[in-house]
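A.B. asks: From first to last, the protein sequence lines are chains A and B. For the numbering used here, count along the first sequence from 1 and bump the result up by 26. For the numbering used here, count along the second sequence from 1 and bump the result up by 1033.
Heads up, a few of these hints could be off.
[Said to hold, decoys possible] Cut-off 30 Å, straight-line C-alpha distance, at most; resulting in silico cross-link-like pairs (DSSO-like, lysine-lysine):
no.	chain 1	residue 1	chain 2	residue 2
1	B	Lys1089	B	Lys1110
2	B	Lys1145	B	Lys1110
3	B	Lys1110	A	Lys96
4	A	Lys83	B	Lys1110
5	A	Lys79	A	Lys96
6	A	Lys37	B	Lys1110
7	B	Lys1110	B	Lys1085
8	B	Lys1133	B	Lys1089
9	B	Lys1145	B	Lys1133
10	B	Lys1093	A	Lys83
11	B	Lys1133	B	Lys1093
12	B	Lys1145	B	Lys1085
13	A	Lys79	B	Lys1133
14	A	Lys83	A	Lys96
15	A	Lys96	A	Lys37
16	B	Lys1101	B	Lys1145
17	A	Lys83	A	Lys37
18	B	Lys1133	A	Lys83
[To be verified] Part of the chain B face toward chain A, derived, beta carbon under 8 Å:
no.	residue
19	Ser1065
20	Pro1073
21	Gly1076
22	Gln1078
23	Phe1122
24	Lys1133
25	Phe1136
If you are wondering where the hints come from, they were derived from the structure by calculation, not from laboratory data. Ideal placement from N, C-alpha and C gives every residue a C-beta, glycine not left out.
Below, each chain spelled out in residue letters.
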Amino acid sequence: DAGITQSPRHKVTETGTPVTLRCHQTENHRYMYWYRQDPGHGLRLIHYSYGVKDTDKGEVSDGYSVSRSKTEDFLLTLESATSSQTSVYFCATLRSGQETQYFGPGTRLLVL
Amino acid sequence: GDSVTQMEGPVTLSEEAFLTINCTYTATGYPSLFWYVQYPGEGLQLLLKATKADDKGSNKGFEATYRKETTSFHLEKGSVQVSDSAVYFCALSQDNQGGKLIFGQGTELSVKP
């Protein structure tokens, strides 16, 4: 358990509004990831971070941005939410040298 | 690009039955391979992994062998329990850290008493 919390756990929003999801970890892991989970697709990588202020795009980054100003926090922002971004969002951290990702409990987002 | 394909679910078994969930991958080079499990209402957790060809990962009675010649990493368990009911994800990573995972679509397993 890497002490990962995600907030909010559930959110309903309207198309066109900005949304920020927060991931917080207590284990000082260097690497952090945001994935989305959709039926028939498994999980797909949105963005990831390899350190404070160091981020990069994943497979499905369009419409999303991220920020990491502290080791423990990784924020995912939907600049203008669309219905196609309705999904379950998971944050994960990676313990270096163990090739093991630890996942948070997820945030269920509904965009109306 | 790299990809992972799993057998379609849901899979329904009786307690103590033998389990196989097929996983094949397409990738350049020598990726690391993983099985993650998601219990209802929870995030994913690592079940087992293998980092090179012919390695066998094992945990909690589950096993999977990294087969380079068939590009496969099938998950097996000799005797499933009701508590094994979950969604199982096969995944690969190319970055030598276990990061930037590419997942299969997941296979839901339901075990009946």
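A.B. asks: With reference to the structure, classify each hint as holding or not holding.
C.D. replies: For each hint, the structure was consulted:
no., hint, in the structure
1, B/Lys1089 to B/Lys1110, "13 Å, holds"
2, B/Lys1145 to B/Lys1110, "15 Å, holds"
3, B/Lys1110 to A/Lys96, "42 Å, violated"
4, A/Lys83 to B/Lys1110, "36 Å, violated"
5, A/Lys79 to A/Lys96, "8 Å, holds"
6, A/Lys37 to B/Lys1110, "38 Å, violated"
7, B/Lys1110 to B/Lys1085, "21 Å, holds"
8, B/Lys1133 to B/Lys1089, "22 Å, holds"
9, B/Lys1145 to B/Lys1133, "35 Å, violated"
10, B/Lys1093 to A/Lys83, "35 Å, violated"
11, B/Lys1133 to B/Lys1093, "25 Å, holds"
12, B/Lys1145 to B/Lys1085, "35 Å, violated"
13, A/Lys79 to B/Lys1133, "18 Å, holds"
14, A/Lys83 to A/Lys96, "19 Å, holds"
15, A/Lys96 to A/Lys37, "24 Å, holds"
16, B/Lys1101 to B/Lys1145, "34 Å, violated"
17, A/Lys83 to A/Lys37, "24 Å, holds"
18, B/Lys1133 to A/Lys83, "10 Å, holds"
19, Ser1065, "6 Å, holds"
20, Pro1073, "12 Å, violated"
21, Gly1076, "3 Å, holds"
22, Gln1078, "7 Å, holds"
23, Phe1122, "6 Å, holds"
24, Lys1133, "6 Å, holds"
25, Phe1136, "4 Å, holds"
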